[in-house]
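Asker: All chains should be built: construct the whole structure from the sequences, respecting the hints.
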Amino acid sequence: MAASVSASTLLAPAPLPATPPAEKLPLAAVALGLLALLVAATAADPARARLSMYVALFLLSIGTLTWAALKFGRPPAGVRHDHLWQRASTSRGAIAWALGVALTGFYVVLYWFPAYLENLIRTLDPLSQLLRGKPADQWFLYGTFYTLAVLLMGGRALWKYRHSRYQLIRTGSVMFFQLGFSFLLPGLLLLLQKPEFYFSYFWPLKYDYLFPGTVSYLLRDGQALGVFMVFWGAVMSFLATPVLTYFFGKRWYCSWVCGCGGLAETAGDPYRHLADKSRAAWRWEVRLIYPILGFIILVTVLLWVAASGAVPAVQPLAEGLSKTYGFVIGSVFSGVIGVGFYPIMGARVWCRFGCPMAAYLGLLQKHFSRFRITTNGGQCISCGNCSNVCEMGIDVKQYAQRGEPIIRAACVGCGLCSTACPRGVLNLENGPRTGRYQASALIHSDSLRILS
Amino acid sequence: MRLVIIGNGITGVTAALTVRRLRPAAHITLVSAETKHHYSRTALMYVYMGHLRYPDIKPYEDWFWAENRLELVHATATALDTEAQTVTLSTGQALPYDKLLLATGSVSRFAAWPGRQLAGVQGLYGLPDLEQMARDTRGISQAVVVGGGLIGVELAEMLHSRGISVTVLVRDAHYWGSVLPPEEGRLVQQQFAENHVPVRYLTDLREILGDAHGRVRAVVTTAGEEIACQWVGVATGVQPNLSLAQLSAVETDQGILVDERLQTSVPHVYAAGDCAQHRQPGAGEVAVEQLWYTGRMQGEAVAHTICGQATPYRRGIWFNSAKFFNLEYQTYGQVPARPTAGIESFYWQHPDGRQALRINFESAGGHAVLGFNALGLRLRHEVCAGWIGTRTPVHAVLEQLGAANFDPEFFRQHEPAIVAAFAAAYPQQPVGLRRRKGLWGRLSGPV
Chain C
1 MAASVSASTL LAPAPLPATP PAEKLPLAAV ALGLLALLVA ATAADPARAR LSMYVALFLL
61 SIGTLTWAAL KFGRPPAGVR HDHLWQRAST SRGAIAWALG VALTGFYVVL YWFPAYLENL
121 IRTLDPLSQL LRGKPADQWF LYGTFYTLAV LLMGGRALWK YRHSRYQLIR TGSVMFFQLG
181 FSFLLPGLLL LLQKPEFYFS YFWPLKYDYL FPGTVSYLLR DGQALGVFMV FWGAVMSFLA
241 TPVLTYFFGK RWYCSWVCGC GGLAETAGDP YRHLADKSRA AWRWEVRLIY PILGFIILVT
301 VLLWVAASGA VPAVQPLAEG LSKTYGFVIG SVFSGVIGVG FYPIMGARVW CRFGCPMAAY
361 LGLLQKHFSR FRITTNGGQC ISCGNCSNVC EMGIDVKQYA QRGEPIIRAA CVGCGLCSTA
421 CPRGVLNLEN GPRTGRYQAS ALIHSDSLRI LS
Chain U
1 MRLVIIGNGI TGVTAALTVR RLRPAAHITL VSAETKHHYS RTALMYVYMG HLRYPDIKPY
61 EDWFWAENRL ELVHATATAL DTEAQTVTLS TGQALPYDKL LLATGSVSRF AAWPGRQLAG
121 VQGLYGLPDL EQMARDTRGI SQAVVVGGGL IGVELAEMLH SRGISVTVLV RDAHYWGSVL
181 PPEEGRLVQQ QFAENHVPVR YLTDLREILG DAHGRVRAVV TTAGEEIACQ WVGVATGVQP
241 NLSLAQLSAV ETDQGILVDE RLQTSVPHVY AAGDCAQHRQ PGAGEVAVEQ LWYTGRMQGE
301 AVAHTICGQA TPYRRGIWFN SAKFFNLEYQ TYGQVPARPT AGIESFYWQH PDGRQALRIN
361 FESAGGHAVL GFNALGLRLR HEVCAGWIGT RTPVHAVLEQ LGAANFDPEF FRQHEPAIVA
421 AFAAAYPQQP VGLRRRKGLW GRLSGPV
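Those sequence lines, one after another, are chains C and U.
Okay, so the first sequence: first residue is 1 according to the numbering used here, each after it adds one.
Okay, so the second sequence: first residue is 1 according to the numbering used here, each after it adds one.
Heads up, a few of these hints could be off.
Simulated coverage check for chain U against chain C, where a stretch passes if three residues somewhere in it have a Cβ under 8 Å from a Cβ of chain C [claimed, not checked]:
1. 53-63
2. 252-261
3. 404-414
Quick caveat, the hints were computed from the structure, so don't treat them as lab data.
If you're wondering where the values come from, they're calculated on a predicted model, not measured in any experiment.
We treat Cβ as the ideally placed atom computed from N, Cα and C, and that holds for glycine.
Answerer: So, in structure tokens, the structure goes:
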């Protein structure tokens, strides 16, 4: 008879194979790059700071891409999750906490103490002049780092998931939208003396795009292009979003276009398994995300009421709420917590618990969409790999082991559950809405209460 | 009704859940010596490799059991008195029952090799085995795995992930020779080769050699080769765990003998899953089934019988799946490992050896499709089972092949190449591909 399990051995740190010598060189380049970044941030001499910055960007880029090519490109193509829960960097160990603190600290400085970044900002002046025709500011620095993170870690994701054409094309898409629509195009608009505008962000995520202040500014200063921008924003929010979500699910935006999603899918890929899969976490998700959507709708409506002048008393209330939303949700939640907590809570904390666009898309996906993840008959073995890789914290196996399709408001359609499934059980599909919830007849799902 | 279930594996738990659904008032107790909570045995390898942690392989969160009034007892059942209808536990407690389900699973099967008792020699069946393996493979550099089945390749992959050199001994001429035809076996061999895992075919274990401390230091194969190693994984199959049943009046043979309703020789005592041996298995079926899927189906069937809705166990159209390193495998219906009279076997393989499809069909009559083997391709279970169940002619299957495609979006579709290969192999059976993949294709295409 089997002995009782203490699980002590399984909890003890597993011996990790040594990093192959070939991978140590590019990793050293990354470390040197970070060091050079520190020099650039603190150097008194501007020329020296600039040189350090260029050296840093070069070393970080070449180091990350070479390391990824060696680590994922040399072994046979396939799911590579060995030691995910054993490494300190990806299992909430000391390295993860240190990185989390550093990232959180960076956001705090960026939002509220940008003076400390002055050195780094100035090093980007030549690039900013070239692209935007004006000196760099803290947001240009942030945009540059952000885009670089998406591109470099996107390169890593392309190597890692090269066996899946869905993952290759999707990763290529988020890299394209970040570089083109969130970095180059807004810069180009500035260069041409036009309003800076992000065509890939919409209300209610980019909430001020439908605020009366922004609309009147675009209409006033943007001429014909400004009118188009207002038109574009309104059409994307109220027409294109429901139509595209009907046909493809929330994924057309969250894991193909969105910049927040783009960072999560690339830089956040090593942390996707850290999303909490418990029922308690799901309850928090529902408690937070829908009130936040309601909050931003209320703020927008109040601002328009105030702007119309119909009820003058609304003006201070609307402005106060708008400022509160901007600070608490726009800055603290989406930035500081959203990215700062990547190595601890996974890369989709903002998308899952806070983003009002995700809430809006999720309601559409749940109730007015053809999208679902199909379970393949009775083939599920309850291994849990699908739930593990779900960055949105969906306990996918609860559905798969019952033969049920997965239709959840949170699902961003990244497709990793399907990629990671060792038995070919899950598939993202857009199909007719009739029978969308139909479970497989090959496995008899029970009627027990699983979820709240 | 007081139902006591011995064993909290997939069979016992499926039975418990089904009884809870059919009899909301039943008092259900699950007894397990191994773990307090149900976990997925098939996922043990992922815990060792660090893909998952132990809590991640529990199919249900811990609150689930109390909320559904399923009582969990973490103890060994030491005695069974079928007269008094009582199970005695290692804690001294006596559990009375109205109905008893024995779902005690399996134990690893060891041949009588010299040296099998040495430290560092073990099988992999349960969590205690995994703990032992984690402990005994720490810091070692070489291992040997004996057995060319599913657990053999899993053990090789696990050890490989920790940088331990592993040699696999396979008795047959190719991998999993009792189940896979040679072509499929070659593709699995390609996976071993790509991952630099040497395999010795037509080779068995002769002897395990130990050092002065009673630890394994090498094995000697039937070919006379001595392979140095500090750990030996025995993956030569499992046999029913009869430790409780044999102490009772319940009749046993290889397993606990059951009729088609999964009733044992003793009233109110049932057995299902790995530990059960069918007195009269169906045609072409084996008496002892040791799979996740059959365990689940038997658990469901026996639950109905326990609740008074006598249900004979019918496993239906066969299906199974596995993954060999990076190569996924799915099978539906009958696909014998060797050529069989009356069965025609069409095999297609992509030139790079990463995808293959075998379609078996009757060589005479209506050429009804009998089975599928898919490697590196995902097939839709419902569609394949539907074709086999309705005896669809093979040419109709090929014309509609896209309806069975379960590969993710944007994956290359191989149906045109498969149909072309079939047309070349069987010119007397003209076929043309008429349906591509997708839900729309399934519903809107010609039937």
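Asker: None of the hints should be skipped; say for each whether it holds.
Answerer: Here's how the hints hold up against the structure:
1. Evaluation of the coverage hint for the stretch 53-63 of chain U: fulfilled, as 9 residues show C-beta separations to chain C shorter than 8 Å, against a requirement of three.
2. For the stretch 252-261 of chain U, the stated coverage by chain C is violated: 0 residues have a C-beta nearer than 8 Å to a C-beta of that chain, whereas at least 3 were required.
3. A count of 7 residues in the stretch 404-414 of chain U with a Cβ less than 8 Å from any Cβ of chain C is obtained; the coverage claim is therefore met, three being the minimum.
The structure fails to meet hint 2 from the earlier list, while all remaining hints are met.
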